[in-house]
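Participant: In the order they appear, the protein sequences are chains D and S. 1 is the number of the first residue of the first sequence in the working numbering; add one for each residue after it. 1001 is the number of the first residue of the second sequence in the working numbering; add one for each residue after it.
Some chain D residues judged to face chain S by a derived CB distance under 10 Å, without partners named: (1) 120; (2) 198; (3) 219.
Honestly, the hints are just simulated from the structure, not real lab data. Note that beta-carbon positions come from the ideal geometry of N, C-alpha and C, so glycine has one too.
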Amino acid sequence: MRFTLVLAILLMTAAVDAQSRVTPAPVSTARADAPIDLTGQWVAIISEDWRWRMITPPKGDIVSIPLNLQGQQTAEAWDPARDEAAGEQCKAYGAPGLMRGPIRMRISWQDDNTLKLETDYGIQTRLLRFGPATPAGPRTWQGVTSAQWIVRGGGRGAPRFGSLKTVTNNLRPGYLRKNGVPYSERALFTEHWDVHALPNGEKYLVNTNVVEDPLYLQAPFQTAIHYKLERDTSKWDATPCDARF
Amino acid sequence: MRREILKTATHRPSTLLRAPRALVEGRGIEAPRERIQKILGVSVSLCVVLIVLSTGRPAFAQVELGGTYAIRMYEDYIERGPGSFLGDFTGMPMSDEGRAKALRYSSSLPSMIERQCLAQSPWVGLYRPLAIRIWNEVDESGRVMAWVMGGDYLRDTVRIWMDGRPHPSANAWHSPSGFTTGHWEGDTLVARTTHVKTAWIRRGVGIPGSDQSTFTVFITRRENLLTIMSVQEDPIYLTEPHVVSRVWEFDPRASPAPLRDTCNVGAEIPSLEDTGEVAHYLPGQNPEEDYMVRTYNIPKDAAMGYAHTLYPEYRKTLRSIYKPPTSCGRYCCGWIERQGLPGAAPGLTCNDGNLPAELRKAITAPER
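Excised from the complex, chain S in its bound form:
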């Protein structure tokens, strides 16, 4: 059988290279050698054209993502700037387990030496106040093997593999940056991240994401704007996908934070060191559990991150119970004073978030 296959292969030249019967029999007008050369030449030409046609129109577009992008903190400023208020889980679809864990969080927890270098969620940059840098890694032929996103010292870089490799086994190691693959859909790079570690989702309030979280991330660059939308699914701590969408602006002068190569620890809370204690609140004892209720009159189910509070129909509930505060208490001007631009005008009630006097003076000085 094997011999027959070999024989067949030997005696069956490819259709393109097979000489016409007339040529083989010497009935052709041209000499056989010239005719064969001509046929081979045409065949090669056709191959070239086919190659050009197939490569000139790739199956996907490739947008140049490389460069630095400045943060635009026009959404969730307080979280991304000074940091969220403890007990503020608004906008989150948390499970009871997630809520219970978040309420055990104390700000002292990440200050412990053992936890200072914990990398946060791979996509925590969506909640941070920093520029990002994107670059690619290419193979010897210049083909993009991966896009890499860096610029936040709180996490590892995110490497988005573009070479078609599969995700590892479910039992494979989970790393701080997870494992991410990507593909293009038009001008959008679609990335999928798995194999992450348990980490906090948002900034400074302890909202957890489990190591079973997966992220589907859509990265679209158009002109100078970069939009990143992330859909995080977590069967442990979320009751439905958590979605955020953010904007950055291409800026060659943006200065992303250095990459996380080393992490140095120090005693931030000396009273905690060598005590054997892990900073936490016991269930029901978090003093900030009602902070949003007493400060902003927000119903507790909204402050505590129940999914139904994310949708417009929840306003029916709010309408009957919500009474707006009489004035804005903290961080009311946000973007303006923090960016150092003119804004703190005399006579306005805009609260500057208790900026130090010297900093306030510096940023409100008239422009020269």
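Looking at chain D on its own, in the form it has when it is part of the complex:
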């Protein structure tokens, strides 16, 4: 009897433990269940690819991006004047290109199940929606983003960790790089958001992301982009889209 009881407790412990490790914890609201705090003003640190992110590189400079032949040809046909004339000066400000730009972004809760991401660069807004998928409307620069917390730990008083996974589709065709390196409306943009803290309290946000595009890419375009949390929010500088600079 005694050993049956012990065995039962063991099995229950293992089952509960396995379940908590494999599946995300049930949520009441996304805000209440957030394992990390993404809110605040984050600034991109342009310590990588400075020449391709801080300024607009010349046409044909497609280094680092795994374009296929069609992608190259499209990049070669880049014409900012044509984009301006078509009212498409925001093509480099769609979600996959924007996140790699010289941005400041403010993340806040729009409601209990929606994170709002705003950028000063291009004055863009993207909504990260938790819960059931929302009906896709017309394609937009920021597309439709579904969000999910990935929760680790937190059981029985243990520290709680986690990250955010988002998947964005329904994108309007845009540019991965300001000089016309393209992604198509078939692009799928997957992001993993982690917040890391240094011992001195400084916080960094790392966005590991993958752009998949069967039309213009010959392989998934995988990068990690980092941002620093700013306590002083005075450097926010809203500037409209610019097709050239």
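Guided by the hints, dock chain S onto chain D, whose structure is given.
Facilitator: Then chain S, alone, in the frame of chain D:
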């Protein structure tokens, strides 16, 4: 006093093992021996449950990091592939001392016999074009004592101690790989490296990191992607932390370079041998100091690695002075031709970086 303590200990059995008064006095229903056995049995069971509860939910998660990871050079391709242009310090928050030292760097310096085997910074793999291999070292019970990262012949392996040992004294020996400890925060292994040697930070341009550098490194594996973010702090050569984040992809077929067990030297620049000269440029005489300015029209403070050029507000300055080059001059297709994949299409202006003709022909041949 000592005797009293011993006496107290002898006459005070632990609460769990102490028999009830009724049992001791023979008033119990069960025989005393059976009752004691039962109590001991329950106690043992409780202990087992407590042990299970404490070990079934570790204080930290352990993600299996072991394996080989293929490089994904979708960031800083030129630096990680053919190598940075001399005088390109863009994206770096360098101090005046760091800048001065970097400008004294000559490409001939690491070719000198005395310097060919200098190991580079422990985390130089973040700037290299190579796959990495990660494995663990376990104790007799299988507990992970350390994670080890290898795969770059330019440096020693990085051993991340996970057993809680402290960092050595500040006066302890500094080694090429430094001293690194780690702990888990969710799915992220957080590593901290100290006790490094003075070494170059980035590839081939002489940007220095001092032996007072410390690194905080965040290593996250999710599914097949491995993200490594490094924050290097250096009170000598940097004015603020230098941050990079990179991605690798798990690939059992990735072939990391062999580990650095031996280093053989050879006369790479015969004219330098036995001259007693150390290759360098004197202050103000580096001919490449203005390379980025004259080639890419980049303002000199950006090319020379001033921290304020890393942030979006610097674009206000750039907007008024930057004029983009009319065309891309070198290494414009990068990833495509170097990976040997189709891409060098006829009629495109994409520059292949002066590849040898036979190599260009080989990689642009139609796929069979």
